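Numbering-wise, this note's numbering puts 13 at position 13 of the sequence shown, and it's gapless, one number per residue.
Calculated directly from the structure, the hints in this document are not laboratory data.
Everything numeric in this text was worked out from a predicted model, so none of it was measured.
Glycine included, every Cβ here is placed at the ideal spot set by N, Cα and C.
One or more of the hints may lead you astray.
In silico BS3-like pairs for lysine-lysine, Cα to Cα no more than 30 Å straight-line [claimed, not checked]:
1. K263 with K110
2. K263 with K252
3. K223 with K117
4. K252 with K110
5. K223 with K252
Here are the computed distance ranges between Cβ atoms for each label pair [as the list claims (entries may be wrong)]:
6. D277 with A84: 32 to 42 Å
7. P163 with G275: 14 to 24 Å
8. R204 with A75: 33 to 43 Å
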Amino acid sequence: MPLQSVSASAMTLGLLLAAMGAPERWTPAEISTDLYESSPTLSPDGRELFFFRADRQFDHYRLLSTRCVGGRWSAPAEPAFAAAPGVLETDPAFSPDGRRLYYGTDRHRKDDLDIWKVERNASGEWGAPTRLPEPVNSIHSELLPRELADGRLLFGSNRPGGPGGRDLYLATPQGDGEWRVEPLPGGVNTAGDEYEADISRDGRVMVVVANRGERSHLYRYEKVDGVWHERGQVPARQDVFQVGPLLSPDGKRLLFAQADGQKSGELFLVDLEPGADPAWPRVCD
1 MPLQSVSASA
11 MTLGLLLAAM
21 GAPERWTPAE
31 ISTDLYESSP
41 TLSPDGRELF
51 FFRADRQFDH
61 YRLLSTRCVG
71 GRWSAPAEPA
81 FAAAPGVLET
91 DPAFSPDGRR
101 LYYGTDRHRK
111 DDLDIWKVER
121 NASGEWGAPT
131 RLPEPVNSIH
141 SELLPRELAD
151 GRLLFGSNRP
161 GGPGGRDLYL
171 ATPQGDGEWR
181 VEPLPGGVNT
191 AGDEYEADIS
201 RDGRVMVVVA
211 NRGERSHLYR
221 YEKVDGVWHE
231 RGQVPARQDV
241 FQVGPLLSPD
251 GKRLLFAQAD
261 GQKSGELFLV
271 DLEPGADPAW
281 PRVCD
């Protein structure tokens with residue numbers, strides 16, 4: 001590569017890193033507790049928030065939802081389709097049009113998180129959830145499903161077939177109810193653990209949760225000519241793990257979860273690039 005190109009790339013990366021400020025705690029007061037709130041997903045209009053709450057040991061996950069009503073977020077409550085207490089329910093994700101919600105649960109087999117889907121009717125009521133078929137699901141755990149703008153499903157799994165203990169996969173619907181599942185291309189998966197990710201609506205930016213040492217952190221990628229290029233670690237605490245990335249539609253802002261002192265786990269917001277839309281995520285007012 002010419003020296004000029006290397007210098008230009010280094011300069012671009014330096015500017016991007018400089019644009020990233022310190023993350024700020026974002027969790028609305030109405031949902032904050034001394035437990036661990038994680039993995040947010042917002043409806044397209046920004047007025048409905050799903051997340052999961054775990055205990056202080058980051059276990060016993062349960063889905064919760066809240067709505068912006070009268071200038072305040074409502075008290076979080078389990079959705080109507082929630083499984084019985086004792087079943088793990090985690091990693092919610094709205095489809096781009098808001099008509100579907102994907103999430104992980106072990107209601108099919110204890111301690112084996114699978115991807116389930118629930119759809120809304122014309123009145124906005126959730127129906128009965130259904131488990132996605134194999135090969136999307138497996139006898140191993142599947143994590144943080146994300147429906148992309150083109151209908152494919154991005155998720156993490158510890159199934160065999162990738163280069164690491166846990167890797168990222170893309171599931172492509174085949175039109176006959178079947179799915180084709182392949183490891184995420186582009187060299188993102190490594191011998192370490194890459195197990196959660198979100199991609200911006202335009203497909204340009206991706207943030208990956210990866211454990212490449214002592215604990216999991218966030219890494220930003222940019223797609224150039226069809227290939228993902230790592231652009232460095234997202235600013236966050238080094239002494240704790242981060243999980244549950246949610247990118248703004250333009251890929252310039254990120255919500256995620258990390259420990260916050262006596263609050264255990266809270267949602268944080270950070271700018272990834274200059275010019276981020278200050279109206280995302282929507283303020284409930």
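Exercise for review: Sort out whether K252 lies within 30 Å of K263, counting only the CA atoms.
Suggested key: Status holds; Cα separation ~27 Å.
Point to revise | Range agreement (Cβ of A84 with Cβ of D277, hint 32 to 42 Å) | key: holds (40 Å)
Practice item. Measure nothing beyond the straight line between the CA atoms of K223 and K117; if it is 30 Å or shorter, mark the hint as holding. Key: Holds - the C-alpha atoms of K117 and K223 are around 28 Å apart, at most 30 Å.
Review point. Does the Cβ-Cβ separation between R204 and A75 fall within 33 to 43 Å?
Key: holds (37 Å)
Practice item. Given the hint of 14 to 24 Å, check if P163 and G275 actually sit that far apart at their C-beta atoms. Key: At roughly 35 Å between Cβ atoms, G275 and P163 fall outside 14 to 24 Å, so the hint is violated.
Review point. For the pair supplied as a hint, K263 and K110, is the alpha-carbon distance within the 30 Å limit?
Key: Measuring from Cα to Cα gives roughly 29 Å; hence the hint holds.
Exercise for review: Quickly compare the C-alpha distance for K223 and K252 to 30 Å and report which way the hint goes.
Suggested key: holds (14 Å)
Check your understanding: Does K110 lie within 30 Å of K252 when you go C-alpha to C-alpha?
Key -> violated (38 Å)
This entry does not satisfy hints 4 and 7, going by the numbered hints stated previously.
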